[in-house]
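Chain by chain, the residues:
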Amino acid sequence: MNGYFWCGGADGVLHIMKCGDCSLYFHPYQSCCSACLSANVAPAPVSGFGKVLSSTINHQPWFPHVPVPYIVALVELDEKGPVRLLTNMFGESVDSIVPGLRVSVHFEQHGDIFVPLFRPV
Amino acid sequence: MTRYFEKNCVISGAGMSKMYRKPEVYPFNLAVDACRNAIADAGLEIGDIDGIACWPHAAVHVGHGSSAASPVDIKNSLGLKLNWFEAGMGPGQFASIANAIGAIAAGYCNHVLCYRAEGERWVPMYGKAYADGNLPTPEGFNQWTTPYFAPSAATWIALHADLHMRQTGLKREQLAMIAINQRKNAALNPNAVYREPITLDEYFDARMITTPFCIYDCDVPIDGAAAVVISRADAIPASSRPTVRFEAVGTALHDHFSWFQRSDFPNMAMSDAAKMLWSRTDLTPADLTSAHLYDGFSWLTVLWLEALGITKPGATGDFLEGGQRIALDGVLPLNTNGGQLSEGRLHAFNHLVEAVRQLRGEAGDRQVADAKVAVCSAGGGVFGSALLIVRD
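Going line by line, the protein sequences match chains A and B. 1 is the number of the first residue of the first sequence in this note's numbering; add one for each residue after it. 1 is the number of the first residue of the second sequence in this note's numbering; add one for each residue after it.
Honestly, the hints are just simulated from the structure, not real lab data. Incorrect hints may have been included.
Stated by the list, open to error - Computed footprint of chain B on chain A, listed as stretches where at least three residues anywhere in the stretch have a Cβ under 8 Å from a Cβ of chain B: (1) 27-34; (2) 44-57; (3) 86-96.
Unchecked claim - Below, a sample of chain A positions facing chain B; criterion: calculated Cβ distance under 10 Å: (4) N2; (5) F5; (6) G8; (7) P69; (8) Y70; (9) V83; (10) P99; (11) L101; (12) S104; (13) H106; (14) I113; (15) P120.
Claimed, not checked - Pairwise CB distance ranges, derived in the manner of DEER restraints: (16) B/R166 with A/P43: 57 to 63 Å; (17) B/F204 with A/V98: 18 to 24 Å; (18) A/F49 with B/P23: 47 to 53 Å; (19) A/P28 with B/A315: 31 to 37 Å; (20) B/A106 with A/V98: 36 to 42 Å; (21) A/H110 with B/D264: 33 to 39 Å; (22) B/P285 with A/K51: 31 to 37 Å.
Just so it is clear, CB atoms sit at the ideal spot from N, CA and C, and this is done for glycine as well.
Could you put the whole structure together from the sequences, leaning on the hints where they help?
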């Protein structure tokens, strides 16, 4: 159902479901646009730009191989939505991640999966 | 105003099991304890129960885990003769109660046992699987969170709390009052798993889980159960005790079912449920004599206060400041049993049992003055439900 999202980054571009009639983007998959009920919906490339909406510094070692603390941030894409995606920001100072920070997408490949991540522009 | 059917239903009985931080008693047995206690509390016989419901779905013949008792297993254990039963997802942890009221309205049954059974201590969920590296391939909702090392609702809710606290100016020392006040209340509750007081210094020194939440902001997993009997008002035995009746139910979900994609982020599904609740009654937040609000994380209680219109966004910090207003003798006693943060996590079913005891005047050392109208809420993130109950 959401393969377009996880595999779509193979060409370096983030893909998000888009309504062909009212141009609304939405995430994850729906078979119809919940705004205009059009069934003319399909994954479409997006700019990959957005801003940090909120963030948290995670201190709990949920995964033994992942050193803490680390950042989990919620990014809102520039496209008409809202479409919001999680990201980590390893390598960034935890204090530098503030609401409104401009970010762009990059991908981390695991086999045929391309995990979208965001970093400051 | 339309007289909605929930006003013809009462909570005739309420009961709990003992609560265990460590896996000492098989969780299914605790669920049966809670059910029997609720039936006895109602003054009913087991043979009077003709309906049963729980949230969420529970696997048949499995008596542990996050939903530790299937209704049909309870049925077999107690020899119930059922006209109706169900266990499903529904609008939050009080879905079973909304369904029970519907089943009574339809005339399927008169006395419905509703319960929540937790057995996650018996089978550790999060920690062990992650520590062992035996993680399943993420699917469903987890596909959006596990790849980002955010497997817990703590993280998802922290992302709401971060924005909300920046927008409204709510400070951590104000948020702390939720946990501190509840621990004070738990000292008066022999069934609570944590009863030692917390100071503000201890709160600030506590282990952080994910900002802005420290360990005291997170509810306490336990093995245990709580149950209530929902009855037709005209089917209960005569009693000298006060009757606790439903005044309104809120179960709405109007915006997206989503942690992150609601149009009103960082608000949550509780906004929809709270609006529906007040649309079904002439009572208002000013009528409340106690509030029993979901506290899976302390900040959820803050957001319920705002969603229910008890406080205005931006004013909740001042309301909580110092803790006096939410204390047992304050303007609105809050989570008087210690809640999930101190009594233990029963997904608000322990809040409901406590509210019934308060309205009957049976809350012992933690009884609030002149209890008449209580609001209870459950969940609130992707779905939520709220109940307004009154002493008749």
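Results for each hint:
Check result for the region 27-34 of chain A against chain B: holds, 3 residues qualifying (beta carbon to beta carbon below 8 Å, three or more required). Three residues within the 8 Å Cβ limit are the bar, and the region 44-57 of chain A against chain B gives 5, so the coverage statement holds. A stretch counts as covered by a chain when three or more of its residues have a beta carbon under 8 Å from one of that chain; for the region 86-96 of chain A and chain B the count is 3, and the coverage holds. Annotation: A/N2 was flagged as interfacial toward chain B, and the flag holds, the nearest CB pair being 7 Å apart, inside 10 Å.
Using the Cβ-Cβ criterion of 10 Å, the hint placing A/F5 at the interface with chain B is satisfied: the shortest such distance is roughly 9 Å. About 14 Å separates the beta-carbon of A/G8 from the nearest beta-carbon of chain B, more than 10 Å, and the hint is not met. Checking A/P69 against chain B by beta carbon gives a least distance of about 8 Å; that is within 10 Å, so the hint holds. The beta carbon of A/Y70 comes within 7 Å of a beta carbon in chain B, closer than 10 Å, and the hint placing it at the interface holds.
With a cut of 10 Å, the hint placing A/V83 at the interface with chain B holds, because the nearest CB-to-CB distance is about 7 Å. This hint holds: A/P99 has a C-beta 6 Å from the nearest C-beta of chain B, less than the 10 Å allowed. Evaluation of the A/L101 hint against chain B yields a violated restraint, the C-beta minimum of about 13 Å exceeding 10 Å. A distance limit of 10 Å between C-beta atoms decides the matter here; for A/S104 the minimum to chain B is near 17 Å, and the interface restraint is violated.
This hint is violated: A/H106 has a C-beta 14 Å from the nearest C-beta of chain B, more than the 10 Å allowed. Because the beta carbon of A/I113 sits about 8 Å from the nearest beta carbon in chain B, less than 10 Å, this interface hint is met. Against a cut-off of 10 Å between C-beta atoms, the interface hint on A/P120 is violated, since the closest Cβ of chain B lies about 17 Å away. For the hinted restraint 57 to 63 Å between B/R166 and A/P43, the CB-CB distance of approximately 33 Å leaves it violated.
For the pair B/F204 and A/V98, the supplied restraint of 18 to 24 Å holds, since their beta-carbon distance comes to about 22 Å. Under the hint 47 to 53 Å, the C-beta atoms of A/F49 and B/P23, about 49 Å apart, fit the expected range. For the pair A/P28 and B/A315, the beta carbons lie near 36 Å from each other, so the given range of 31 to 37 Å is met. For B/A106 and A/V98, the Cβ-Cβ distance of about 53 Å falls outside the hinted range of 36 to 42 Å, so the restraint is violated.
The hinted window of 33 to 39 Å between A/H110 and B/D264 holds, with their beta carbons roughly 34 Å apart. Evaluation of the 31 to 37 Å hint for B/P285 and A/K51 yields a pass: the beta carbon distance comes to about 35 Å.
In terms of the numbered hints stated before, the structure departs from hints 6, 11, 12, 13, 15, 16, 20, listed from lowest to highest.
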